[in-house]
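Read top to bottom, the protein sequences are chains Y and B. Sequential numbering from 34 applies to the first sequence in the working numbering. Sequential numbering from 653 applies to the second sequence in the working numbering.
Since the hints were derived computationally from the structure, they do not count as laboratory data. In this text, all values refer to a predicted model and were calculated from it rather than measured experimentally. By construction, the Cβ of each residue, glycine as well, lies at the ideal position given by its N, Cα and C atoms. Every clue listed holds true.
Dumping the calculated DSSO-like pairs for lysine-lysine here, alpha-carbon to alpha-carbon at most 27 Å:
1) Y/Lys49 <-> B/Lys799
2) B/Lys689 <-> B/Lys848
3) Y/Lys135 <-> B/Lys799
Computed footprint of chain B on chain Y; a stretch qualifies when at least three of its residues, placed anywhere within it, have a C-beta under 8 Å from a C-beta of chain B:
4) 104 to 113
5) 131 to 138
Listed below are the residues making up each chain.
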Amino acid sequence: MQFLECRGVGKIYASKAGPVEALRGIDLAASEGEFVCLLGLSGCGKSTLLQLIAGLEARTAGSIRVGGIELDGPSDETSIVFQDHGLFPWMTVERNIEFNMKARSVPSDARAARAAELLTMMRLSDFAARYPHELSGGMRQRVGIARALTTRPRALLMDEPFGALDAQTRGRLQEELLQIWEHQRTTVLFVTHSIDEAVFLADRVAVFSPQPGRITATALPRPRDPETPRFTALKKELRRMLVPEMYGAALS
Amino acid sequence: MPSRVFGLLPLLALLALWQAVSWAQIYPTLLLPPPAKVAAAFVTEYPDILRNAAASITRVIVGVSLAFCFAVPLGLLIGRYQILDVLADWSIQIFRSVPPISLIPMALLLFGIGDKPAIVLIFLAATWPLLINTIFGVRSIERTLIKVARAARASEQLIFRDIILPSAMPAVFTGLRLAIGGGWLTVVTAEMIAVKSGLGYMILNAQLTFRSELIVAGIVVIGAIGLISDQGVRALRARVCRWQEGLTAEAE
Numbered sequence: 034m035q036f037l038e039c040r041g042v043g044k045i046y047a048s049k050a051g052p053v054e055a056l057r058g059i060d061l062a063a064s065e066g067e068f069v070c071l072l073g074l075s076g077c078g079k080s081t082l083l084q085l086i087a088g089l090e091a092r093t094a095g096s097i098r099v100g101g102i103e104l105d106g107p108s109d110e111t112s113i114v115f116q117d118h119g120l121f122p123w124m125t126v127e128r129n130i131e132f133n134m135k136a137r138s139v140p141s142d143a144r145a146a147r148a149a150e151l152l153t154m155m156r157l158s159d160f161a162a163r164y165p166h167e168l169s170g171g172m173r174q175r176v177g178i179a180r181a182l183t184t185r186p187r188a189l190l191m192d193e194p195f196g197a198l199d200a201q202t203r204g205r206l207q208e209e210l211l212q213i214w215e216h217q218r219t220t221v222l223f224v225t226h227s228i229d230e231a232v233f234l235a236d237r238v239a240v241f242s243p244q245p246g247r248i249t250a251t252a253l254p255r256p257r258d259p260e261t262p263r264f265t266a267l268k269k270e271l272r273r274m275l276v277p278e279m280y281g282a283a284l285s
Numbered sequence: 653m654p655s656r657v658f659g660l661l662p663l664l665a666l667l668a669l670w671q672a673v674s675w676a677q678i679y680p681t682l683l684l685p686p687p688a689k690v691a692a693a694f695v696t697e698y699p700d701i702l703r704n705a706a707a708s709i710t711r712v713i714v715g716v717s718l719a720f721c722f723a724v725p726l727g728l729l730i731g732r733y734q735i736l737d738v739l740a741d742w743s744i745q746i747f748r749s750v751p752p753i754s755l756i757p758m759a760l761l762l763f764g765i766g767d768k769p770a771i772v773l774i775f776l777a778a779t780w781p782l783l784i785n786t787i788f789g790v791r792s793i794e795r796t797l798i799k800v801a802r803a804a805r806a807s808e809q810l811i812f813r814d815i816i817l818p819s820a821m822p823a824v825f826t827g828l829r830l831a832i833g834g835g836w837l838t839v840v841t842a843e844m845i846a847v848k849s850g851l852g853y854m855i856l857n858a859q860l861t862f863r864s865e866l867i868v869a870g871i872v873v874i875g876a877i878g879l880i881s882d883q884g885v886r887a888l889r890a891r892v893c894r895w896q897e898g899l900t901a902e903a904e
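Chain Y with its partners taken away, still in its complex shape (with noise of 0.2 Å):
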């Protein structure tokens, strides 16, 4: 069984313009301990699905189930990483990172020590009685991951987690991101807008054509070398699908 399942999800938006349709059908399925990729141009949607997964808003059509169950609200299960992190500017770091296991009431002394943990997997423990804007940015989203792993999530929703990074930053913390997926084999959904990091970080990717947004779906093989011309072929095809029009007017 899949663990994560959305069939025919679409999302309607009320607006002062009328109503805006920024889902249309969509089929997408993960299975425990897959690391998904969903690729998409700004505006296609893929943040939406990722808002409806985490039960941040309500889907208008479709269903979707996260370990069987269908969703209603944020699941227990799931941890979302915000692009621009989401860290409490007022509380340190190890208090931020606290904060998902203080909203399930886990007691002080469970937090402080699954905290611990975290800073020392995420090698932030010199930083714990800081503040978030203290930290460089590649730090702020190594918290804003340590606080969404405390719950031992069976799937992690990363929402263009790497994306105001630089180019530096964003590798080391891709490949951070691979090992602590090889460890604790948790499922993993990856907006991204990159096909570079599509390509690097899933086992599949999903790609989504715009307006409204529609998946198709392509498998991926590991392990993965940006060396070979295996991978240049796999951004290719990437492309294609994902500015269909663009390719071909590049072409003619």
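Following the hints, put chain B in place on chain Y, whose structure we already have.
Same frame as chain Y, but now just chain B:
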């Protein structure tokens, strides 16, 4: 940052100007006392000045404290729940436009002469800036932060305590500074009409008895207390909102 001592320059210039004007005998000494005479008044009249200052300060503290306990919780609720905002918005806009001084006659009719009308007027003067700034503070919370809390399934109580209250705190302090300023303006005026003690009463009484040096002494005390209380609130804010250090352009 330039030394704070710089801030004394305009005051010293004003003092020099005052001295020059009294030497030039533009006004008779009886109407515009020279600085030395005012200094002498401080020495001889200090028990009186102290007693009246204490009376005024007490009224402001009581009035502003009452307003704080009323307006801040109310502002947090109005900021958080749109229905309360719709309910309260027009009333707030109407009542905050009424200068508290214009309510003195009404306050006299309802509460007579004494502390009560003065405190009621200070309460009214202090309520609006506190209420409006608290609402604004709640409104300006980053949306992502609320999403983080919802995704973590934080209770409404935890959201209020750990997110809404701390993130509104800087705005609450802005409101408090304005409230104390407004309360201070109101107390002096109210004391000229509604009470038989306090700095406002002292000044008005000094005018009736041609003690112009006491008028000036009263003004100096009012200004000094205003400066000290504002510095106090800023220091308190810097402590409570320590996380804000380095986040804003305003270096305190």
